Amino acid sequence: MSDSAGFSAFDAPAVRARAARMRVAILKMLTAAGSGHPGGSLSAADMLATLFFAPVLEFDASRLEWPERDRFILSKGHAAPVLYATLAELGLIEADELATLRRLGSRLQGHPDASQLPGVEVSTGSLGQGLSISAGLALGLRLDFGLGATARLPRVFTVLGDGELQEGQVWEAAQFAANYQLENLCALIDRNMLQIDGPTEEVMALGDVAAKFASFGWEAVDVDGHDVEALYGALSAPPVAGKPRVIVAHTHKGEGVSFMRDQAGWHGIAPTEEQCAQACAEICSCADWRDE
Amino acid sequence: MGKATRAALGETLIELADSGLDVMAVDADLAGSTTTAKFGAVYPQRLVEVGVAEQNMVAVAAGLSLAGKVVFTGSFAVFGTGRAYDQIRNTVCYNDLNVKLAPTHAGVTVGPDGGSHQMLEDIALMRVLPRMRVLVPADWRAAKAALRLAAETPGPFYIRLGRVEAPKIYGADERFEAGGAKVLRPGSDVTLVACGVEVNAALEAAHALSEQGVSAEVIDAFSIKPLDVATILESAAKTKAVVTCEEHNIIGGLGSAVAEALSEGQPCRLARVGVKDCFGQSGSPDELLRYFELDGPAIVKAALCVQTVS
Chain A
0 MSDSAGFSAF
10 DAPAVRARAA
20 RMRVAILKML
30 TAAGSGHPGG
40 SLSAADMLAT
50 LFFAPVLEFD
60 ASRLEWPERD
70 RFILSKGHAA
80 PVLYATLAEL
90 GLIEADELAT
100 LRRLGSRLQG
110 HPDASQLPGV
120 EVSTGSLGQG
130 LSISAGLALG
140 LRLDFGLGAT
150 ARLPRVFTVL
160 GDGELQEGQV
170 WEAAQFAANY
180 QLENLCALID
190 RNMLQIDGPT
200 EEVMALGDVA
210 AKFASFGWEA
220 VDVDGHDVEA
230 LYGALSAPPV
240 AGKPRVIVAH
250 THKGEGVSFM
260 RDQAGWHGIA
270 PTEEQCAQAC
280 AEICSCADWR
290 DE
Chain B
0 MGKATRAALG
10 ETLIELADSG
20 LDVMAVDADL
30 AGSTTTAKFG
40 AVYPQRLVEV
50 GVAEQNMVAV
60 AAGLSLAGKV
70 VFTGSFAVFG
80 TGRAYDQIRN
90 TVCYNDLNVK
100 LAPTHAGVTV
110 GPDGGSHQML
120 EDIALMRVLP
130 RMRVLVPADW
140 RAAKAALRLA
150 AETPGPFYIR
160 LGRVEAPKIY
170 GADERFEAGG
180 AKVLRPGSDV
190 TLVACGVEVN
200 AALEAAHALS
210 EQGVSAEVID
220 AFSIKPLDVA
230 TILESAAKTK
240 AVVTCEEHNI
250 IGGLGSAVAE
260 ALSEGQPCRL
270 ARVGVKDCFG
280 QSGSPDELLR
290 YFELDGPAIV
300 KAALCVQTVS
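These protein sequences, in sequence, are chains A and B. Going by numbering that gives the first Met the number 0, the residue at position 137 of the first sequence is 136; the numbering climbs one at a time, nothing skipped. Going by numbering that gives the first Met the number 0, the residue at position 148 of the second sequence is 147; the numbering climbs one at a time, nothing skipped.
Do not rely on the hints blindly, as some may be mistaken.
[Stated by the list, open to error] Footprint (simulated), chain B over chain A, 3 or more residues, beta carbon under 8 Å: (1) 124-137; (2) 165-175; (3) 281-288.
[Claimed, not checked] Label pairs and their computed distance ranges (CB to CB): (4) G19/B - A240/A: 47 to 53 Å; (5) D261/A - Y84/B: 34 to 40 Å; (6) W65/A - G19/B: 21 to 27 Å; (7) I250/B - G206/A: 32 to 38 Å; (8) D261/A - E176/B: 55 to 61 Å; (9) I268/A - E292/B: 51 to 57 Å; (10) D85/B - G216/A: 23 to 29 Å; (11) S34/A - E233/B: 27 to 33 Å; (12) D196/A - Y42/B: 43 to 49 Å; (13) A236/A - D85/B: 33 to 39 Å; (14) P266/B - D196/A: 47 to 53 Å.
Hints in this document: simulated from the structure, not taken from any laboratory. A quick note: this is a predicted structure, and the numbers were derived from the prediction, not measured. Glycine is no exception: its CB is placed at the ideal position from the N, C-alpha and C atoms.
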């Protein structure tokens with residue numbers, strides 16, 4: 000993958016085009032599956048597109064076991080479709096396979112199953128655990144590659160949902176990462192303001208997420224989570240000494256599809272064929288769209 | 000008296016690290032009690048302290064294992080299994096990670112700390128998890144062997160360790176393997192299948208039974224999952240009467256595992272010595288073993304009951 004080797008210049012329109020294609024793939028696979036989570040997959044599409052295709056991650060799809068690769072962990076495992084769309088863009092799975100999502104025997108389980116899929120570091124699905132796993136991994140990598148070692152220090156990136164922050168374990172991990180000064184850890188929060196039962200601020204108010212992480216000792220940045228240039232800037236900035244980084248990506252659930260945008264009802268239901276066609280038509284007519 | 004099984008943890012970790020294994024430990028503010036602090040004193044970078052946060056402890060261990068480490072977790076059995084159950088299920092076992100849960104202070108022999116701290120359901124909780132192996136060592140040497148076995152075998156393990164000194168059962172050259180059991184005393188009238196501190200109680204019971212003319216076979220089922228079904232069925236075919244002995248709820252633990260095996264393969268009379276579906280309480284370890292009818296006399300009583308009927 001020449002475009003994921005970490006040396007190409009940042010091309011924002013190309014990243015936006017990746018995100019648009021990933022959104023179409025998300026909608027089509029969910030429609031084929033008949034169930035799943037469109038809202039939080041669409042809201043995270045620009046984040047994953049930036050991580051993998053700007054690119055931010057030093058990751059080579061042709062050398063998945065490269066020890067010094069940056070790691071990506073999807074803590075909000077229910078957004079599996081956006082990860083599968085990314086794997087398809089990376090060429091790690093065939094586009095045809097996306098239609099097997101959630102079917103018996105498919106590698107594309109309802110939530111990511113690392114034992115079956117290339118390029119997936121760890122299976123997730125139970126919320127609140129990804130930040131701890133990422134922090135442990137970041138610490139382990141630092142022990143092997145940090146502190147005077149000649150090799151580069153691999154980084155760990157993880158995407159959490161905002162509703163997921165209601166899990167207490169996230170804050171156990173937040174204090175751990177700050178205590179161990181995990182500079183090579185970066186968490187992205189998909190701050191789409193909605194969870195299954197409604198707005199986060201009504202279900203269980205989260206308030207100023209960046210301020211909370213900052214108070215735990217993190218470098219905390221607020222960005223527009225659909226602005227790939229802003230995301231790239233925040234993700235590629237040099238680390239602050241001794242601090243893990245959190246990027247609170249302010250997003251819209253269902254971004255890219257007018258009738259799904261900011262609708263909690265689209266958290267966990269699949270579109271019909273008609274809805275899918277309408278949604279894909281919207282995305283394909285947007286300024287970002289480019290055919291492969 | 001021998002050393003406590005928990006005393007094996009820190010010592011074995013040091014030996015494993017000395018031998019070149021990339022082993023680490025994660026503990027949750029109990030490193031002194033679990034003895035992982037001994038390991039940390041020799042290998043400070045390899046002991047990760049997470050504070051009072053057992054869910055994070057297990058998932059951080061999972062992350063370290065993804066970086067290629069063989070990782071042991073500490074804390075007490077009640078918190079290190081029950082409090083972190085979803086982390087053990089969905090992260091450690093679902094991903095088949097190289098995480099070895101070795102919390103200490105299992106069972107009523109925790110003593111004065113009382114019921115909140117006496118874990119009696121851990122074998123059941125760990126046994127039902129796919130990919131998890133469950134080892135319950137009877138003494139310090141068996142604990143060292145179990146920890147070493149877990150370290151050298153890929154995938155998740157639960158090693159149940161206790162707080163109190165456990166009488167010495169094994170010599171230095173004893174070999175253990177997952178899925179094995181030890182016939183410690185041959186007999187023909189009744190089979191006593193025990194694990195952990197109850198192995199010594201079963202040996203005491205067998206001695207007392209012999210004085211009453213009853214020949215008891217004693218099996219240390221240190222590997223509860225996988226269970227050495229062949230050894231247990233072979234003994235049951237001979238004695239036609241089995242007593243299981245465990246410092247655990249009679250529901251879901253060794254007694255249940257043996258009952259499942261016997262029902263399918265060698266139906267016979269069975270009595271389960273264990274904590275009878277209740278919580279523990281404060282007291283000295285010996286008082287509690289007697290109070291909950293887990294001591295030698297309780298095993299004798301159960302053995303005479305199944306043996307007489309058959």
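How the hints compare with the structure:
Counting residues of the stretch 124-137 of chain A whose C-beta lies closer than 8 Å to any C-beta of chain B gives 11; at least three are required, and the coverage claim holds. Counting residues of the stretch 165-175 of chain A whose CB lies closer than 8 Å to any CB of chain B gives 6, so the stated coverage by that chain holds, three being the minimum. Remark: the stretch 281-288 of chain A is not confirmed as covered by chain B, as 0 of its residues place a Cβ nearer than 8 Å to a Cβ of that chain, below the required three. At about 33 Å, the beta-carbon gap between G19/B and A240/A misses the expected band of 47 to 53 Å.
Checked against the given bound of 34 to 40 Å, the beta carbons of D261/A and Y84/B, roughly 36 Å apart, stay inside it. One distance hint, 21 to 27 Å for the beta-carbon pair W65/A and G19/B, holds here, with the actual separation near 24 Å. In this structure the supplied range 32 to 38 Å is violated for I250/B paired with G206/A, their Cβ-Cβ distance being about 44 Å. About 58 Å separates the C-beta atoms of D261/A and E176/B, a value consistent with the hinted range of 55 to 61 Å.
Between I268/A and E292/B the CB atoms are about 55 Å apart, so this pair conforms to the stated range of 51 to 57 Å. Between D85/B and G216/A the Cβ separation comes to about 26 Å, which falls inside the hinted range of 23 to 29 Å. A hinted range of 27 to 33 Å is violated for the C-beta pair S34/A and E233/B, which are about 50 Å apart. A C-beta distance of roughly 47 Å is found between D196/A and Y42/B, which places it inside the suggested range of 43 to 49 Å.
Judged by the Cβ atoms, the range 33 to 39 Å given for A236/A and D85/B holds: they are separated by roughly 35 Å. With their beta carbons about 51 Å apart, P266/B and D196/A fall inside the hinted range of 47 to 53 Å.
The structure does not agree with the numbered hints 3, 4, 7 and 11 stated previously, though it agrees with the rest.
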